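Engineer: Chains as they are written, first to last, in our numbering: chain A, 1 to 474; chain B, 1 to 209.
Be a bit skeptical, because a hint or two may be false.
[What the hints assert, rightly or not] Among the chain A residues that face chain B by a calculated CB cut under 7 Å, a handful are:
hint	residue
1	Gly118
2	Ile122
3	Leu129
4	Thr141
5	Ile144
6	Glu145
7	Thr147
8	Trp148
9	Leu151
10	Ala169
Hints were generated in silico from the structure; no laboratory data involved. Every value quoted in this text rests on a predicted model; they were computed, and no experiment measured them. Glycine residues also receive a C-beta, built at the ideal position from the N, C-alpha and C atoms.
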Amino acid sequence: MEIYLLIGLPVIMGTGVFLFRLHERTQKTILVATAMVHCFMTMSLWFRPCGILFNTFMGIDAPSQLVLTVVSVLFCIISVYMCGSLTNERMHAHSVCVGSLLFFLAAMTLVTFSRHMGLLWIAIEATTLLSVPLINYYHSTESIEATWKYLLISSLGIAMALLGTFFLAIATSQVTTIFLDDILLNAQLLSVPWLKLSIIFLVVGYGTKMGLAPMHTWKPDVYGEAPPPIGALLAGVLTSCAFLAFFRIAQICMHAHIGDIFSPVFILMGILSIAIAAIFIMGQKDFSRLLGYSSIEHMGIIVLGLGLGGQAVWASFYHVINNSFVKGLIFLAAGNVYRIYKTKKVADIQGSIHSLPVSSVFLLVGFIAVTGFPPFGIFYSEILIFKQALVTHHYVVAFLYFLFLTVIFFGFSRILLQMVFGEAPESVMPPVKENMFFVLPLVLITVILFVIGIILPSSLSQIIAQSSLLLGGN
Amino acid sequence: MFLEFLLISIILFAVVILGSSRLGTIIWYFVMQSLVLSITPLIVSFGLHAFIMTTAMIVLKVFLMPGLLFWMIRHTAIRREVEPLIGYGKTLILGGVLVMIAFLISAKLDVPVKQISELLVPSAFSLVMIGFLLMVSRLKAITQVIGYLIMENGIFLFSLLLLEKTPLLVEMGILLDIFVGVLVMGIIVNHIDQAFGTTNTMNLTNLRG
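Start from the sequences, fold in the hints, and give me the full structure.
Structural biologist: Here is the structure:
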């Protein structure tokens, strides 16, 4: 019942926003109210044991509950931020933006609930299409270019995933359905050559959506041109959904006992993504593009963890949660800076600590968290993955991983410290009074990051353990 | 026998599209290809499921999508492809090579489901690859959209193997998603035209590094 409500509510509200010419203020209220109700309903799922019925289209298991919570909480926080930015910026609330946002939320919820590979594909494709109007918000030549690249590359990727889904259906000819539970239960009946072909296509397809190298080329463009809160949504929320699709593939691989063939592929893709991010972060001139490459890096780390197996699977899940919130924090804080400086170029933003003390502090917190420093969770998951690489005797992988992370830290710190502490230009701006709407979300995310990183509530760690058990981790 | 004839004509339409330069003609060929394609479910397995698929295909791919494409070229006042990235002769030869590769690959794969026709898998592979070739070798945004649609036609051909298996709901969702995808692409093509004064994707090169 909750499942239908969680999907239905944003759909109904979104339709309402599309159909009726509502006042700006009403639209914003609807957005925030829907996001909050969605968030509360998601939270209520934590207090009720929920199982999955066999061969139903939708159900909740541990990983989907985890990803759903991340999606719902972060969406709620970002919607509060948007309430502020929709008034101050050129971003005047119009129905297309708010409507698409609500439908986007519904589509992502559907991704987390899908227990059928066809339905999963539909939901992922829907998230792609619904994010297009959001990315193309400014209608400038650059944003149109980014949108076209995004549409073309994602559509190609998603077409590959569809082909992969059909191959999977051919491979499961003896099982006769492509319900996830059915496949997992009867994994030994699958036809192995078709299954391998299908996994390759699915990995390429959903990997494109996740932004793994070498299918990552849309990511810096899109993150660079989308408005900052939308960037936060894409980097924090949408990637987690794509990760869930990726996780399902890994699950099928493991149950069909072809995990040994695909874990090197995952490791290679992970290392390649981190390497590409390291190369391009070094001389980056645009801060949003830098965040795009940072997102590629973290997706690489997550997939690397899945490939290494064992404890690293636990670390991957933990990394997904932390990465989402960190990306949300850093995008929103950067958005505050862009709004005052009216540029995203690193060279033009200098000494922001003088003009925007509060947001700059949060930008620094985000930087410390994203590059993997204690007490934040990313430190812990990165160390765990490093350890797992050593334990499983992947010494070259461990070396490259460590090397690239160091390079990324170096490149990132050089750019960010210059932005925050650099010599302010002559026309130094007086400290701006910062709006509550723009600061409150940052505070909330920081608190969440501290809680996850230092305390790690037992219910959360339990559900992470349950999720990683599905992939044979511990 | 009749099914083989249809499959061959579907591949032929795709090859002809590779060799044409006028956008209007390309869309008409696409309409004919989709029309032939939408009859195939009825031949493979006659029944309610196949009938619904055929109707949905005709509505979407023969009427709505081509209508949208024609609206796009009228709205943006482009009639023909200018100097493709790879010349027409070369793309035709490449297309031929791709069809050959498709047959080679499918000879290696052994289909565990009920065989409908020897030609079904190779022609599906051919369509996917020709669509891909069209997407990468042409500069006009509209031709790239048509390339995507041809790819989708190829994937649809694959789904014929599974006609009795995939729930109708899922198939309908897939078709709807593809339609909305093309709709969104159409809107963006229109934006490209307004912002750059042309739908030539060669101009989309500002974002680098």
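Engineer: All the hints need checking, so say for each whether the structure fits it.
Structural biologist: Against the structure, the hints come out as follows:
Annotation: interface hint on glycine 118(A) holds; nearest CB of chain B at approximately 4 Å, less than 7 Å. This hint holds: isoleucine 122(A) has a C-beta 4 Å from the nearest C-beta of chain B, less than the 7 Å allowed. Interface restraint check for leucine 129(A): the shortest CB-CB distance to chain B comes to about 5 Å, inside 7 Å, so the restraint holds. Here the hint on threonine 141(A) is kept, as its CB sits about 5 Å from the closest CB of chain B, short of 7 Å.
For the restraint placing isoleucine 144(A) at the interface with chain B, the shortest Cβ-Cβ distance is roughly 5 Å, inside the 7 Å limit, so the hint holds. Residue-level restraint check for glutamate 145(A) holds (minimum Cβ-Cβ distance to chain B is 4 Å; threshold 7 Å). The interface hint given for threonine 147(A) holds, since its Cβ lies 6 Å from the closest Cβ of chain B, which is under the 7 Å cut-off. Interface restraint check: tryptophan 148(A) against chain B, minimum CB-CB distance 6 Å, threshold 7 Å, status holds.
With 7 Å as the threshold, the beta carbon of leucine 151(A) comes within range of chain B, its nearest partner Cβ sitting at about 6 Å, so the hint holds. Interface restraint check: alanine 169(A) against chain B, minimum CB-CB distance 5 Å, threshold 7 Å, status holds.
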